[in-house]
Each structure stands twice: as C-alpha cells, then as structure tokens.
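Student: Residue strings, one per chain:
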Amino acid sequence: MINRSTQATLMGLVLAASLAGCSGGSGRKESLVEKIKTRGTLVCSGSQGVPGLSRPDEKGVWRGFDSDVCRAIAAAILGDATKVRFVPLNAAQRLPAVQTGEIDVLSRTSTLTFSRDMAIRFVTNTLYDGDVIITRKADGIDVPARLNGRTICMQGGGSLVEGALDEIEESNRIKMKRVYFDSTITARDTYFAGRCDAYVTDGLAAQSQIATVARNPAEHVMMRAGNAVEPNGIAIPRGDDRMFDVARWTFNVLLWAEQNGINQANVDQMAKSGNSGVRRVLGGDPSFGRAMGLKPDWAYQVIKQVGNYQEIWDRNLGEGTPIKADRSYNKLYANGGLMFPLPWD
Amino acid sequence: MTRARRNFLYQALVLLLSFAAVALVGVTAAANLESRGIDLSVEFLGDRAGFALSETWLPYSPDDSNLWALLVGVGNTLMITLLVAVLATAMGAGLGILRISDNPLSGGFARAWVEFSRNTPPILLLLFLYSLLGQVLPVDRAVSLGTGIHLSLRGLAVPALDLGGHGPFLLLALLGGFAGLCFLGRAASCRQRQTGIRPPWQAIGAGVLIALLTGWLLGPGPGVQLELPVANGPDFSGGFILTPEFFTLIVGLSVYTSGFIAEIVRTGLQSITLGQWEAAVAVGLSRSQTLRLVIIPQMLRVIIPPMTSQYVNIVKNSTLVIVIGYADFMVTAGTMINKTSRAVEGTLIIIAVYLIINLALAAVMNHLNRSMEKA
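Residue numbers (this note's numbering), protein chains in the order written: chain A, 1 to 345; chain Z, 1 to 375.
Bear in mind the hints are in silico, worked out from the structure with no lab data behind them.
Careful, some of the hints might be misleading.
With beta-carbon atoms standing in for the labels, derived distance ranges [claimed, not checked]:
#, chain 1, residue 1, chain 2, residue 2, range
1, A, LYS137, Z, SER101, 52 to 60 angstroms
2, Z, ARG111, A, ARG224, 52 to 60 angstroms
3, A, ARG224, Z, GLY177, 26 to 34 angstroms
4, A, ARG215, Z, ALA360, 42 to 50 angstroms
5, Z, ARG111, A, VAL61, 22 to 30 angstroms
6, A, LYS137, Z, PHE247, 28 to 36 angstroms
7, Z, THR214, A, MET223, 31 to 39 angstroms
8, Z, VAL230, A, LYS137, 21 to 29 angstroms
9, Z, SER101, A, SER115, 53 to 61 angstroms
10, A, THR41, Z, ARG48, 35 to 43 angstroms
11, Z, ALA206, A, SER115, 37 to 45 angstroms
12, Z, ALA112, A, ARG215, 54 to 62 angstroms
A few chain Z residues that don't get close to chain A, going by computed Cβ distances all over 10 angstroms [as the list claims (entries may be wrong)]:
#, residue
13, LEU53
14, SER271
15, ARG292
16, GLY325
17, THR340
18, ILE356
Now the stretches of chain A that chain Z is said to cover, found in silico as 3 or more residues with beta-carbon under 8 angstroms [claimed, not checked]:
#, stretch
19, 29-40
20, 201-214
21, 324-336
What you are looking at is a predicted structure, and each value in this text was computed from that prediction instead of being measured.
Cβ coordinates follow ideal geometry from the N, Cα and C atoms, glycine included.
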C-alpha cells in the first residue's frame, strides 16, 4: 500500500535503466543466467499479498505457488532455492519491472496476452485460471446478469478481469458501477467493508481471499465471470534465449517429476535406481545441464529443494491449506487436466 | 583577468557541464533502450485504449484512443485541482483570520487545525479519512436526508439537473455572461473617469441577464428538469452521486493544503502595519472599503508568490488519489503504460503534462502578481 504511486516506481525504473547500464551499452550481450550466477541471487516478482500464490508469512518468507516457481529456477541456476529476492509489485508495475531489469523473472498471476507478450517474453503457462466474481450471499446475486446497476470493486491499472466484466455487460445489456483501486488488496478490503456489492479477481486469488481473509467465509459466494481461461505464466525480458531455456525447462522438471512419481522424498533414491530416463535427467547425463550452462544435478536440486508440481500445489493451494482449491485444468493430462511435460529427447 | 571575464568563464563552464550531463544521460538511455530492444514511438497514442475509467468529467469509453484517455485524465486532475484550490483557499483564509483572533478558543482551534493538517502526510490523511467514512457511513441501507437526498457508504446522492442536452449551451452562456459583466464593469470605470459619474452597471447587467434567462426558460428551456435519485438498498439510481472516493480526496487534500494557506494568509495580514488601518479610518473609509481598497491589495502582494507554490503543490499532491481509486491523470497514464508497455514514452508524457500544467499555473499567478504590483 505504501509502495504508493506507480509513477515513483516507473520514473525510478526509467532513470535506473538509463543510468545503471552505462557500461553494458556495447559488446556481446550477457545472459541473465550469467548475471544471476555472478550476483548469487535471483530477483523475482512478488504480488501485493495473495495467500497461496505469493505472500510473505509472519517470518517474512514469501510463500505461495508463484513464489515456489521462482525458487525452482533459483535451485536450477544457483543450486540453492533460498537465494531468491522477492520484489512486491502491483499490476501496473510488473511489466516495466521486467523490461528495465528490475526483476529477472515475473511469476505473479500474470496472464499471457498478445500485447504483454510483445513487451516481455512469456516462457510457459504455469497455472490455468478463470475470473471470478465474489458477492454476498444475502444479496442473492446468483447470475452475472443480476449485477445490473451494482457496484463492483476491482484493481485498476488494466487488469484482465476487466475484459470479463465488459463481456458480461455486453452480453446481458447491463451496466455495472466499477470502483478501481491501486491494489487488489485495497479493492478486497473495500468490498469486505461493504462499499461494493461485488469484488472481481482471478479464481484462485478469489478462493484464497475468501478462505483466509473474509471474517465469515460462508457469507460470500463465487461465480465465474465470463468463460475465458486465463493462462498465467512466467515471463522474462525479451531477447534472452538462454534464460528462456532455463526457465522453460525448469518448469518442465516440475511436471515431469510429477508424471514420473518423483518427489522430494524419493528423489535421492530415484537418481540412483530409477529407470534410465529418470536417472539421465536427474544428473546421470550432464549434457542437459551443459547445454544451458547449468550444473549436471540442476534438475535433482529443483525436485530435492522445491518438489514437483503436485507438491508445490498441495503445499500452497491444496487440501491441506485453507484455500482447498480444485486443481481442475491444472491436473496432468493423464488425470483430465491441461498440463503435460515436454519430452527430453 | 577581470571580474566580468572570470564570471563569464565560470558560467560557461557550468553551462557546458550541464549540457554534458544531459547529453550523457540521453545517449546512455538511447543505448540501453536499444540493447533491451525497446523502440520509442508515439503511434500507440492513436490506438484503442481498451480500459475503463471510473468517474470522468469528459465523455469517455474504452473504445476511445489512448490520447483521448490521457486528456480525460488531465480533465479529472484539473477538476480536482480546481475544487481543492477553491475549497482550500476558502478554508485557509477563514483559518488565517481566526488564527490572529484574540479569542483563545478560535485562535487555539485554528492553531490546532494548522498544526495537524500541516504536519500529517497527505497520503495518511486520505487513507484515514477513507477508512473513517467506511466506519461511520450506513452500510446496509441508505439513509434519507430529505427529498431526493440519500446517504450511504455508496455515496451521497443529490438531485441532478437534467439539462436535456443543453449543457454546452448553458456553459457557453455562462462564460459569455461573465465576459459581458467584465466588459460592463470596465466600460463603467471608463465612463466614470471621463464624466465623474459612475453608471449603475450592476443594475443594467442584472436586468439584461434576467431578460435573457426568462427568454430562454420560455423558449427552448422547458427540456430542463430535476432528476431525483432513488435509493435501492445501499445503492442509488439516478441523480448526481458524490462517491466516498471523490469526497475523501477533495476534503483530504483541502484540509492538508488549508493549513499552509492559513499560515500564508496570517503572515499577509500581519505584514500590514496597524498604521494602514488607522490611516484608512482617518480618511473616512468604511470597514469594508478599508479591507477592499487598502488591506487586501497590499496583502495580496505579499501572499501571491507563496500561494502560487501551494497551488502547484495541489497539482502534485493530486497524484496521491491513486490509493483510493479515482482516475486522475497519473492513474490513467499508469493504466495506459500497463496496457501498452510504453513505459518510457508514458513517463515522458507524464513529466511533460505535469510540467505544462504547473508552468501554466505559475504563469497565470505571476501575471496576477505583476498586475497587483502595478496597482
């Protein structure tokens, strides 16, 4: 909240960008992977605090699915999943932060769209989500069409949920009153305070806000806003093929490990006595790491320190958490979802 | 080396260094932009904006261009600035007078207000006021405060004048009427200088205006009607609605600025010696004439320069409204940057726009200052 206006950051970023790289103007471009190794830390985005996706816990350690994806990349490059610095960003700050080099990796509920992909480079989809409208049960708003003339709180700054609202207004010929806030957290609190009849945000974020923040979760209901699937992904600056390789294949390790039943507990054993394909990726064949400038055991470190996709999901969003989100689209293809690992050969 | 030549040399050196610094920043920025694959262009300004804005004074829809969205944002910023400037000046003037009052209660009140408002960060004031409204306003059901006036956390709804599309004409007529009155006043002063008799220009002006207004009401006028808001649970439909967000930022910024203006007014008043008051009484001026002809003109000479910087501050502080969801220029430009990823161009536009607004404001105030000094 106190990281108040976008402008200060934007201006700072632009000036920093123009001043910081005085030396780097010419010569061969160094990949982010090399820079991260020299620096010893990966700089990754945080959100303004969405439980289950990215939010610092009471000890100040960032927790959540998006944060763990950052940790996986740090484990691959540096061999240490704890070497990540998180920079909290709002919706309007995140793209410029990648463009100017303020952060290395964007992993913060960012949907891949054409215009965003033209500005930064989306690597891969990590989560499929939809937009959700939260309303109070007592108001009896059970279909979007009944939102006519109602007040709706949301984050400004060009968030994608706006498209879903436009769609609802157009198809039902209704008009809603939108109230915008700098941060999704302020929008949420203002809805909970009664200023608005509804609060619209991403599906997983909505579930987590109701489960962890609402005073009485049973008072609120959720409904889908529009039919769009929002592919949330990780993104890096454009024009850095090496970093693209590392980010894409690190994420692939997470899905591949789940598919092959490799997890934090059995990875040591699998690296020794798994089938030949598993052993090769987990360090038996150094050519995977060498091709990306990483150590032979990079994939092993990712699983050992962060876990596979299922473990990351369970830890942050699954049944064991207050959010209890359904994996739906995010299940492996074998289980009826949209996720599948890419082949290694 | 003579003193003059030495001075010239120093100045040339400083100028050269400044140019070199600017050039260095420019060249580095260009090189970095190129290495990051960011090219500069303004073509995106003509593209569809594609984002909605909550409250706007100028007509706007997401299908308008980015350029129009920015202009709508400038309109909103100017609207806040104008309202806050008027409100803060009125509050500040009253407080400034109270501040030098002999009555300990009013003097103490003004002093406490000034110290509180001047020493609180404006963003804190806005957030405090906004959450206060959330606590005190009725949440579940709007309270009726008389015919057509309702209050709840959704805002204050008051009857709106439905001008039936005559709005622009009415605005033009208002401006024309104002210009006409100014002209009449000048003509009257001119006449007075020539003949020594001041024509009753107020009466003439009022007569003409009343005639025009009656003519308009009898002619194309009847399309105008009052639109009453209707409460619907906590919400309203119809009428004019003052939202808590808009209210917070207008009142918050006005309170913040009023403290500074009160001190300026107080110094202005205290800068005029008692002798001026006594002299005015001695030549037989009434109290209001003393204020109008002797005290205020001298006071304005003292307070206009510091007031200019307060008005400029209002423009700058208006960017804080981002925290409570009002679409000022900063918010609009930020959204546009997010949508188009044109951070460099967008930031340059932001700087240019605030610079232009503030330079224009300073120019107007300086003009006023010069005309005061001549008088």
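Student: Does each hint fit the structure? Answer for all of them.
Tutor: Results of checking the hints against the structure:
no.	hint	in the structure
1	A:LYS137 - Z:SER101: 52 to 60 angstroms	holds, 56 angstroms
2	Z:ARG111 - A:ARG224: 52 to 60 angstroms	holds, 57 angstroms
3	A:ARG224 - Z:GLY177: 26 to 34 angstroms	violated, 55 angstroms
4	A:ARG215 - Z:ALA360: 42 to 50 angstroms	holds, 49 angstroms
5	Z:ARG111 - A:VAL61: 22 to 30 angstroms	violated, 48 angstroms
6	A:LYS137 - Z:PHE247: 28 to 36 angstroms	holds, 30 angstroms
7	Z:THR214 - A:MET223: 31 to 39 angstroms	violated, 56 angstroms
8	Z:VAL230 - A:LYS137: 21 to 29 angstroms	holds, 25 angstroms
9	Z:SER101 - A:SER115: 53 to 61 angstroms	holds, 60 angstroms
10	A:THR41 - Z:ARG48: 35 to 43 angstroms	holds, 40 angstroms
11	Z:ALA206 - A:SER115: 37 to 45 angstroms	violated, 58 angstroms
12	Z:ALA112 - A:ARG215: 54 to 62 angstroms	violated, 36 angstroms
13	LEU53	violated, 8 angstroms
14	SER271	holds, 37 angstroms
15	ARG292	holds, 42 angstroms
16	GLY325	violated, 5 angstroms
17	THR340	violated, 7 angstroms
18	ILE356	holds, 16 angstroms
19	29-40	violated (count 1)
20	201-214	violated (count 0)
21	324-336	violated (count 0)
In terms of the numbered hints stated before, the structure departs from hints 3, 5, 7, 11, 12, 13, 16, 17, 19, 20 and 21, listed from lowest to highest.
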